[in-house]
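Residue numbers (the numbering used here), protein chains in the order written: chain A, 1 to 589; chain B, 1 to 307; chain C, 1 to 281.
No lab work stands behind these hints: they were computed from the structure.
Take these hints with a grain of salt, some might be off.
[To be verified] Across the chosen pairs, the derived CB separations fall in these ranges:
| # | chain 1 | residue 1 | chain 2 | residue 2 | range |
| --- | --- | --- | --- | --- | --- |
| 1 | B | 225 | A | 189 | 34 to 40 Å |
| 2 | C | 147 | A | 389 | 29 to 35 Å |
| 3 | A | 99 | B | 137 | 31 to 37 Å |
| 4 | A | 95 | B | 3 | 27 to 33 Å |
| 5 | A | 95 | B | 299 | 20 to 26 Å |
| 6 | C | 99 | A | 394 | 38 to 44 Å |
| 7 | A | 197 | B | 127 | 28 to 34 Å |
| 8 | B | 98 | C | 142 | 32 to 38 Å |
| 9 | A | 384 | C | 147 | 28 to 34 Å |
| 10 | C | 229 | A | 389 | 54 to 60 Å |
Every residue gets a Cβ at the ideal spot worked out from N, C-alpha and C, and that includes glycine.
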Amino acid sequence: MSLLEVADLGIRYGASEVVAGLSFSVEPGESLGLVGESGSGKTQTALAILGLLPAAATTSGSIRFDGIELLTADEEEMNALRAERIAIVFQDPLQALNPYLRIGQQIRRILLQHGLASGREADDRVIEMLERVGLPDPKRQFGAYPHQLSGGMRQRAMIASALIAEPDLLIADEPTTALDVTVQAQILELLASIRDDTALLLITHDLGIIAGHCERMLVIEQGGLVEEGLTRQVFAAPQSRHMARLLEAAPRLDRDGVRETVVGKTVLDVRAAAVSFREHGSHRGDRRLRAVRDVTLQVRSGETVAVVGESGSGKSSLFRAVLGLIPLQSGIVSFLGERLPDDVRSRALSVKRELQLVFQDPVSSLNPQMIAGKIIGEPLLVHAPELGADERRRRVLHMLEKVGLPDAFVTRFPHELSGGQAQRVAIARALIMKPSVLICDEAVAALDGAVRNQILALLEGVQDETGLSIVFISHDLAVVRGISHRVLVMYLGRLVELADSARLFTRPRHPYTRALIDAVPVPDPAAARGKQIIAGEVPSILAPPSGCAFHPRCAYAQDRCIAERPNERIVDGVTVACHRADEIDLTVC
Amino acid sequence: MLRYTLLRLLGAIPTLLLVIVLAFLLVHAAPGGPFDDERVLPPEIAANIAAYYHLDETLPQQFWRYLSGVVRGDFGPSYRYRDHTVSQLIGSAFPLSLKIGALSMLLAVIVGVGAGIVAALRQNTVADRVVMTVAMTGISIPIFVVAPVLVLLFAVKLHWLPAGWSGNAGYARLLLPVVSLALPQIAYIARLTRASLIDVLGSDFVRTAKAQGLGIVAIVRFHALKPALLPVLSFMGPAIAAVLTGSVVVEEVFGIPGLGQFFVRGALNRDYTLVLGIVIFYAALIIVLNLIVDVLYGVIDPRIRHR
Amino acid sequence: MIAMSASWEKIRGNRALVVSAVILIVTAAAAMIGPLISPHDYLSTNFEEMLRAPTMADMRIFGTDDLGRDLFVRTMLGIRVTLIVAIIASIVSLVIGVAYGAIAGYFGGRVDAVMMRLVDTLYAMPFIFFVILLMVVFERNFLLIFVAIGAINWLDMARIVRGQTLSLREREFVDAARLTGVSSARIIARHIAPNLAGVVVVYVTLTIPQAILVESFLSFLGLGIQEPQTSLGALVDAGVNQIERASWTLLIPATLLAMILLCFNFLGDGLRDLLDARQTR
Ligand code: SF4
Chain A
1 MSLLEVADLG IRYGASEVVA GLSFSVEPGE SLGLVGESGS GKTQTALAIL
51 GLLPAAATTS GSIRFDGIEL LTADEEEMNA LRAERIAIVF QDPLQALNPY
101 LRIGQQIRRI LLQHGLASGR EADDRVIEML ERVGLPDPKR QFGAYPHQLS
151 GGMRQRAMIA SALIAEPDLL IADEPTTALD VTVQAQILEL LASIRDDTAL
201 LLITHDLGII AGHCERMLVI EQGGLVEEGL TRQVFAAPQS RHMARLLEAA
251 PRLDRDGVRE TVVGKTVLDV RAAAVSFREH GSHRGDRRLR AVRDVTLQVR
301 SGETVAVVGE SGSGKSSLFR AVLGLIPLQS GIVSFLGERL PDDVRSRALS
351 VKRELQLVFQ DPVSSLNPQM IAGKIIGEPL LVHAPELGAD ERRRRVLHML
401 EKVGLPDAFV TRFPHELSGG QAQRVAIARA LIMKPSVLIC DEAVAALDGA
451 VRNQILALLE GVQDETGLSI VFISHDLAVV RGISHRVLVM YLGRLVELAD
501 SARLFTRPRH PYTRALIDAV PVPDPAAARG KQIIAGEVPS ILAPPSGCAF
551 HPRCAYAQDR CIAERPNERI VDGVTVACHR ADEIDLTVC
Chain B
1 MLRYTLLRLL GAIPTLLLVI VLAFLLVHAA PGGPFDDERV LPPEIAANIA
51 AYYHLDETLP QQFWRYLSGV VRGDFGPSYR YRDHTVSQLI GSAFPLSLKI
101 GALSMLLAVI VGVGAGIVAA LRQNTVADRV VMTVAMTGIS IPIFVVAPVL
151 VLLFAVKLHW LPAGWSGNAG YARLLLPVVS LALPQIAYIA RLTRASLIDV
201 LGSDFVRTAK AQGLGIVAIV RFHALKPALL PVLSFMGPAI AAVLTGSVVV
251 EEVFGIPGLG QFFVRGALNR DYTLVLGIVI FYAALIIVLN LIVDVLYGVI
301 DPRIRHR
Chain C
1 MIAMSASWEK IRGNRALVVS AVILIVTAAA AMIGPLISPH DYLSTNFEEM
51 LRAPTMADMR IFGTDDLGRD LFVRTMLGIR VTLIVAIIAS IVSLVIGVAY
101 GAIAGYFGGR VDAVMMRLVD TLYAMPFIFF VILLMVVFER NFLLIFVAIG
151 AINWLDMARI VRGQTLSLRE REFVDAARLT GVSSARIIAR HIAPNLAGVV
201 VVYVTLTIPQ AILVESFLSF LGLGIQEPQT SLGALVDAGV NQIERASWTL
251 LIPATLLAMI LLCFNFLGDG LRDLLDARQT R
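Next up, chain A with everything else stripped away, as it sits in the complex (with noise of 0.2 Å):
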């Protein structure tokens, strides 16, 4: 008998119907897995198995758990599933975790609900649990607080809090998406590796992850099943033109075909950046944090240089401090040749419109207030004032047009605009004075894979039409790969390597460079398996290891790595920085 059977499951907030005939089984000890597009249904499901949709939600259809009906069950009946045969891990454990009470009592209450342990027992089953989710020190960990926790470590908690009752059926909800590429592998992992005879159900929108954690997979589009097989089949030969869709639409890192570089004039030169913040708040007094140091980089015309790094690597920082939105604490950015003031402000308006960005979250970049025409049109007010009111609606529409949104968009407000579309009216507004260099920061992380892909390819077509430079800030090696000619890495501040895509992604330099190639989930269950994955998170930026910033996590460490600080140079055409790159290979093969 399977553990759990979804049977034509409806879920509907009043006239929307956010999952209609879904039906699909899980069994007892397999791991499940759920992919869909955001939207398409996959958490309300997870929420409708535990009994947790809001009261908003009606339900129709039968979801059994055991034998047992779970739609129609009551709240008594559900709290004895739930956590006990039933458990979840939520997406992002710094909200999901009670910021106002101890790790190791949140944990401990669950076994006190259910009446398994109590005292010192539960004390010593909670510390237990700790230590096998890979908390170091679990003892410590079982009085410390969500915040005092690393995102790695929370998300273990979290995952040590579902399998504490050991439950026949654990759910995980995105459970990586909050987190780093390289803990993200990490807590994959330690899914597989625990949970002994618990099936698991993981949801994710990462055909990669599915790739590589599960056997059999679903694959829902608006609420209902489009697919279902086992992963290597469906993979091999998807049934269904969704599923066929988002295959092609997943960015892999296996694939040929980077671009060749492009030798254009340097347009935009960073010499020896820095930035630091200072930390207020703190008792202690104010704590510099140095988020950028030393970075030099020059951007040549007509291509696309992608800078890559984990939380902390000051990627971010660094171009808005290139864009002049924060201070430069040293360095100097240069454009055509011409040292640019610091900031934005003292800079000259024919420069401020050389130089543009394009946020990640579309929506907050535009103002709630504004009309999509007014918005795209004030770069225009600024440094065309001389255009009348025909001419300016003229170019406005043109602009929309090349962004492919139709002329109806010039009224609409930012609220009513999908998230692609309103990058769409971002871009225009960043593309409207034509700008040599446009700096894209995580422009297209919220974005679906489809969508994500045609505001690439607008971003490509408009390159190669004027020779525009973009810098594209991603933490995402796999998309990066298919639209840069050259790429930065970047770790806690510094530069680790800058080379061509074509030698990174083949034969990277540095071994931090190595990990982030193979963190990155293959969605290919063929490729998926046998990769290094390397071990703890990135330190805190106020207090970065000495010597190489990465040796507690690189393999390849020696004494002088922790002592001494590997300078910049320059290895078979390459830009890195480590003591060793000239005799580890890191070839990928």
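Chain A is fixed; fit chains B and C with the ligand onto it per the hints.
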């Protein structure tokens, strides 16, 4: 934690100093002296009086004298109650005000938090609407309306409780003043508790707790109550100030010989030193109580404590 | 404009808000017109008709006070004074608060730190007692009431506007405008002010009852409006003295005062709900 407390303490001192300077200057900016309204005194007597109150010194001298007095708890002599110092008057009247104020704060917290929790757990039911409408009314009706109306109802019409203070004894005479002082605060606290508990119950960590099989009672007690009460704790500062203000009215309406009554009498009689002394005393009280609230907040919220 | 019409729908859906607005408008109109159509005036004493209970005869609909003055006219005048004091005081606090808060929020950094430190310090003061002190020293000057009330209420407004400005300033659309070279003046006018307007409207609505409360509190203690002028607070005070003989002299102004305060609070609350709904959308 200790540092945090000390820092807060240090931060309170300039505030208090500012209060003293402002209040002192205000009084000394008064057009005409305090004895203007009396008959013209012979010059030597006027000089005597001026010397007694140190009015013959320069302003900085007077201020320094006053400040060093205040530090020792001496607010100088009263202008009207000639035989008493301001400190004596405050010392005699404050205990009664404190008793009434403390009782009404206690009542306000217990009833307000209780009603707020009930309303939050029964969100959008009849019980919730009733609590919230009553609370809104309670916020809107000023204490100088509540107090006389309560007197009219329970003392004048129903004769259940005594209307005044003197001539009555026991706890019965405390009841109406305490309740009228507490009512507006009950209303505020109930609204605040409800809003913040609803907020906390909607947070992700409560969803986690539900997913762990905790019932609503366990969730409120174990997970939600502490964070939900933090805004209530922050409100204690303003609530204390409001109760102090309200006590002025209540003591006036019920004829209670507390500090508030002295204050109003002093204000109407232009007893400068008394009013000045009481303002500074109230200010110090509010600042100290706010300080305690701040420190308590740090004790409860681990994220502040660990900063 | 689509956004506007959508909120108009919601305004009508909020019954407490609509009812409060209507009551306030009717009350204000009555206070303006009432004294004009009544045969009595607020000053004349009449020792034949002291403490007369409310009656329809001779238009003594609210009765008379202990000096035989007509309470209907006095109450309507009291409402006028109360509303005018409150509205002017609110405008004072609006102007000071918005200017102060917007400057602190927009410039941020050290300017903000210093300016907000001052606000925090003032917050910790027992303001109402200072106001009383002020009233004692400056002899119950009518103008002073506005100043005093405005001086208390601008603090809240400044805090709210500052917080809002600070968060707007950090919003990415402001960065985007700055990058394209939009001037500071235009950023404030086009990007910050329109997003601030809603919050300011809501808090002005909530400031008015606060101001009414302070004014009537002072008048109640005999430190505000002076005889023969009157306000609702002063009328309540007079009513308390007649509580055993003529309860209407207390109940009528007390009820009207409570009603006005209640309506303003409902109005402000309703507007805030609408605003929150729009922001979370
Ligand atoms: S310098 Fe040493 S620690 Fe750093 S990356 Fe190279 S080998 Fe590893």
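Results for each hint:
{"no.": "1", "hint": "B:225 - A:189: 34 to 40 Å", "verdict": "38 Å, holds"}
{"no.": "2", "hint": "C:147 - A:389: 29 to 35 Å", "verdict": "47 Å, violated"}
{"no.": "3", "hint": "A:99 - B:137: 31 to 37 Å", "verdict": "35 Å, holds"}
{"no.": "4", "hint": "A:95 - B:3: 27 to 33 Å", "verdict": "29 Å, holds"}
{"no.": "5", "hint": "A:95 - B:299: 20 to 26 Å", "verdict": "24 Å, holds"}
{"no.": "6", "hint": "C:99 - A:394: 38 to 44 Å", "verdict": "40 Å, holds"}
{"no.": "7", "hint": "A:197 - B:127: 28 to 34 Å", "verdict": "47 Å, violated"}
{"no.": "8", "hint": "B:98 - C:142: 32 to 38 Å", "verdict": "35 Å, holds"}
{"no.": "9", "hint": "A:384 - C:147: 28 to 34 Å", "verdict": "49 Å, violated"}
{"no.": "10", "hint": "C:229 - A:389: 54 to 60 Å", "verdict": "56 Å, holds"}
Consistency note: the structure conflicts with the earlier hints numbered 2, 7 and 9.
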